[in-house]
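Can you make the complete structure from the sequences, with help from the hints?
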Amino acid sequence: MEETTLSGIKETLKRAGATKEEVRDYLALTEPEARKQLLYRIRRKALDECHEKQKTLDELDFLIYREDKS
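In the working numbering, the protein residues as written are -2 to 67.
It is worth saying that the hints were derived from the structure and are not from the lab.
Since this is a predicted model, take the numbers as computed values, not measurements.
Here a beta-carbon is modelled for each residue, glycine too, at the ideal position from N, C-alpha and C.
A hint or two may mislead.
[Unchecked claim] Simulated crosslink set (DSSO-like; lysine-lysine; CA at most 27 Å straight-line):
| hint | residue 1 | residue 2 |
| --- | --- | --- |
| 1 | K11 | K33 |
| 2 | K7 | K33 |
| 3 | K17 | K33 |
| 4 | K17 | K7 |
| 5 | K11 | K66 |
| 6 | K42 | K66 |
| 7 | K66 | K50 |
| 8 | K33 | K50 |
| 9 | K11 | K42 |
| 10 | K52 | K66 |
| 11 | K50 | K17 |
| 12 | K33 | K66 |
| 13 | K52 | K42 |
| 14 | K66 | K7 |
| 15 | K11 | K52 |
[Unchecked claim] Label-pair ranges, simulated between beta-carbon atoms:
| hint | residue 1 | residue 2 | range |
| --- | --- | --- | --- |
| 16 | Q51 | K11 | 18 to 26 Å |
| 17 | L44 | E18 | 18 to 26 Å |
| 18 | E28 | L3 | 46 to 54 Å |
| 19 | R41 | S67 | 27 to 35 Å |
| 20 | T53 | L24 | 15 to 23 Å |
| 21 | L54 | K17 | 26 to 34 Å |
| 22 | T1 | R38 | 17 to 25 Å |
| 23 | E64 | Y37 | 39 to 47 Å |
| 24 | L24 | Q51 | 17 to 25 Å |
| 25 | S4 | K66 | 23 to 31 Å |
| 26 | L54 | A13 | 15 to 23 Å |
| 27 | E64 | A43 | 29 to 37 Å |
| 28 | D55 | R21 | 29 to 37 Å |
Right, dumping it as structure tokens:
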């Protein structure tokens, strides 16, 4: 769903893990390329967090597997 209202943009950025400063910076930027670069940086941070969560889930799955085998 594409959210283009100001409140929708802020909410999307916050859900993605953007800091208050990053949200403020995004809204203040006027150059499309600069805005896009900031969005990519926020996206990369969110993806890194997803990978860390996936690693934790994999480790938990292994512990569950070990418990099933004992």
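Verification of the supplied hints:
1. K11 / K33: Answer holds: K11 to K33 is near 16 Å, not above 27 Å.
2. K7 / K33: holds (15 Å)
3. K17 / K33: Measuring from Cα to Cα gives roughly 17 Å; hence the hint holds.
4. K17 / K7: holds (9 Å)
5. K11 / K66: Measuring from Cα to Cα gives roughly 42 Å; hence the hint is violated.
6. K42 / K66: Distance of about 37 Å is beyond 27 Å: violated.
7. K66 / K50: It holds: about 24 Å lies between the C-alpha atoms, which stays within 27 Å.
8. K33 / K50: holds (26 Å)
9. K11 / K42: Distance ~12 Å between K11 and K42 Cα, so the pair holds.
10. K52 / K66: Between K52 and K66 the Cα gap is close to 21 Å, so the pair holds against 27 Å.
11. K50 / K17: This hinted pair holds, its Cα atoms lying about 23 Å apart.
12. K33 / K66: violated (49 Å)
13. K52 / K42: Satisfied, since the Cα-Cα distance of roughly 15 Å is no more than 27 Å.
14. K66 / K7: violated (47 Å)
15. K11 / K52: Holds: K11 and K52 sit about 23 Å apart, inside 27 Å.
16. Q51 / K11: 18 to 26 Å: holds (22 Å)
17. L44 / E18: 18 to 26 Å: Roughly 20 Å apart at Cβ, these two residues keep to the hinted range, so it holds.
18. E28 / L3: 46 to 54 Å: The hinted range 46 to 54 Å is violated for E28 and L3, with Cβ atoms some 18 Å apart.
19. R41 / S67: 27 to 35 Å: violated (40 Å)
20. T53 / L24: 15 to 23 Å: violated (33 Å)
21. L54 / K17: 26 to 34 Å: holds (29 Å)
22. T1 / R38: 17 to 25 Å: holds (21 Å)
23. E64 / Y37: 39 to 47 Å: Given a distance of about 41 Å, which is inside 39 to 47 Å, the answer is holds.
24. L24 / Q51: 17 to 25 Å: Check failed, 31 Å falls outside 17 to 25 Å.
25. S4 / K66: 23 to 31 Å: Taking Cβ atoms as reference, S4 and K66 lie about 50 Å apart, which means the hint is violated.
26. L54 / A13: 15 to 23 Å: Taking Cβ atoms as reference, L54 and A13 lie about 20 Å apart, which means the hint holds.
27. E64 / A43: 29 to 37 Å: For A43 against E64, whose Cβ atoms are near 32 Å apart, the range 29 to 37 Å holds.
28. D55 / R21: 29 to 37 Å: Because 36 Å falls inside the window, the suggested range holds.
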